[in-house]
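Undergrad: Residues per chain, in single letters:
Number of protein chains: 2
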Amino acid sequence: MADVIKTAAIEGMVCPVPLRHAEKIVQGHGSGGKLMQDLIAKTFLAAWDNPILSAGNDAGVIPTQGVARLAISTDAHVVSPLFFPGGDIGRLAVCGTVNDVAMLGAQPLYLTVSFILEEGLDLSTLERVVASMHAAATEAGVQIVAGDTKVVGRGMADGLYISTTGVGLLPEGTAIHGAAAQPGDGVIISGSLGDHGIAVLSARGELGFETELASDVAPLNGLISEMLGASQGIHVLRDPTRGGLATTLNEIVRQSKVGIILKEGTLPIKPAVDAACELLGFDPLYIANEGKLVAVVSREDSSRVLEAMRSHEYGKEAAIIGEVVAEPTGRVLMETLIGSHRVVDVLMGELLPRIC
Amino acid sequence: MADVIKTAAIEGMVCPVPLRHAEKIVQGHGSGGKLMQDLIAKTFLAAWDNPILSAGNDAGVIPTQGVARLAISTDAHVVSPLFFPGGDIGRLAVCGTVNDVAMLGAQPLYLTVSFILEEGLDLSTLERVVASMHAAATEAGVQIVAGDTKVVGRGMADGLYISTTGVGLLPEGTAIHGAAAQPGDGVIISGSLGDHGIAVLSARGELGFETELASDVAPLNGLISEMLGASQGIHVLRDPTRGGLATTLNEIVRQSKVGIILKEGTLPIKPAVDAACELLGFDPLYIANEGKLVAVVSREDSSRVLEAMRSHEYGKEAAIIGEVVAEPTGRVLMETLIGSHRVVDVLMGELLPRIC
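In the order they appear, the protein sequences are chains A and B. Sequential numbering of the first sequence, starting at 8, is according to my numbering. Sequential numbering of the second sequence, starting at 8, is according to my numbering.
Among the hints, a few may not be true.
[Unchecked claim] Partial list, computed: chain A residues near chain B (C-beta under 7 Å): (1) G39; (2) D45; (3) I47; (4) T50; (5) L52; (6) I79; (7) M110; (8) D155; (9) R161; (10) D165; (11) G166; (12) G180; (13) T181.
Hints in this document: simulated from the structure, not taken from any laboratory. Every residue gets a Cβ at the ideal spot worked out from N, C-alpha and C, and that includes glycine.
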């Protein structure tokens, strides 16, 4: 079979690899062929290696561990810029999806990742993002078990976009969801509002002044685990991302057919966020968070849950900010310091594009 | 609470909705707020409604039906143009992921979908894609259980991109994967090669002549179900998408540490594909398929599986195209009509960008 070996020696001739541009993403990195296989081996598997992923089949095989139900969630991530104080698109893509799965009380265990890469992207940029995803996945205790890469031409994306899908095990009897809030429940926020949105805006240079504010992007499944250990009375968990706390609370009152009254002055807002919002005419209630959750908890368990939250790194500044009421149904109201009420409505239009 | 109702009446003032552009995608469709909620209700839920999706939580809850293992796979879809003979990006996004899950012998049941939409996209275009996804999902017997929408500015995408993730139940004892090919096994292809890639190229006007060729994009889980019913001797299933049959077979020989010898003249290739490839200097073995599978089957069951395939709509032109050999390990060879052998290597670089 000498002829075979001879032929093999010129395998590179089929379609020459543009070696001069090896440090940049080229169309071939999305072809399914040799360049993509190299990218998978040297960039993705090198960082994320685990037996499920490295089996290299069309799908990853994940054990259900005997549970009857799984929680599954997906998000595309298009944040601009790719790197910002406190995080980057990779950490965001892992945490955002981990958090969505965790908000049902599920234990997030597996992630899939699909990339859309723009031709010309520095490979080193991709590698930084991949390393950040690994760090976030390790912190959250999840494995990346399947992936995909597509490459589009210059001007057809903005560096890179990432879609992640997360799967978590839902323990039997868990019934935490948006329709479970009940009159009398306490409303708790895990920390300060608006840090992520304002940090990203600052990284874009759109604030017009310097700020030391960092994004809060973080995986919240550890915090939730502590909360679930402290109480059986957690009815709703939700992360106030796009649209901010105001939009999230409006979703809850509609799903649960209740009202919520917030108490002005109880909402934790950092001075830097307050200042930026005042300057720009924004309301921190509508700014995206990526490492915060709102919990609706039975009245009798609210203090216990608050205490459990404050003992965790990501819940130190947790605060009870309001309560669930029977009327007015479907409305979130803010009780001002002088005792009047104003409606806190859902976000209309768009305040800050490409924040996540 | 008259003041509340009065305030509510001016809720649209928070951030005016650009009603004049309601027929186009605007940034607000990705904001998490009112416009996005409308898009979800009127476009996605209207087309895909099911109890899991319409629960409207951060994650969908899916039953595991008592199986111990699930198959999960993800793909980004960036095909250009969005609509092509035989399919569109929506059908592709559903079928591509359904097929990846099915290639492990799993029963695909659930899909998640994340969109990246370019500002200015016609809403009617999105609606056509969403309807096509519904039709494909119905054909495949899968439910869309979670989704996400992001909007990027003009020139930051090319109309729309779709990432899908699929989950399937893996019956106990199923062990179909890329490392399971054994010397003596037959290699079967389910139909003609290269239809998808050439159809997309033709839709781009890059062929320079007219062709009636249509993409083969189709869900293959029904075909696989028939095959599994006919034989316990199916060792490997894989869909030869990007990189074509040549690249797929090379993956199998590497994972299984075997060789494959293809027989020239046995590969089904339509005259239109042959003509286009000859004109453009392509080899149909490297062109993407989206509704074909390659099966590696025990020698004694090959005819039975072939027969089962030919009785199914998507396997009518199935053919035995080669066999697995012990040597040379890791090589795919083509035995020519005159009895010599040439190496069929993995795709280098990129032939046809944005084919899927």
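Undergrad: Hints first: check each against the structure and report whether it holds.
TA: Hints, one by one, checked against the model:
1. G39: holds, 3 Å
2. D45: For A:D45, the interface hint is violated, since the closest Cβ of chain B sits about 10 Å away, which is over 7 Å.
3. I47: Violated. Min distance 11 Å.
4. T50: violated, 16 Å
5. L52: violated, 14 Å
6. I79: holds, 5 Å
7. M110: Check passed: Cβ of A:M110 comes within 4 Å of chain B, closer than 7 Å.
8. D155: Constraint on A:D155 satisfied, holds at 5 Å.
9. R161: violated, 11 Å
10. D165: Holds. Min distance 5 Å.
11. G166: Violated, about 10 Å.
12. G180: violated, 13 Å
13. T181: violated, 9 Å
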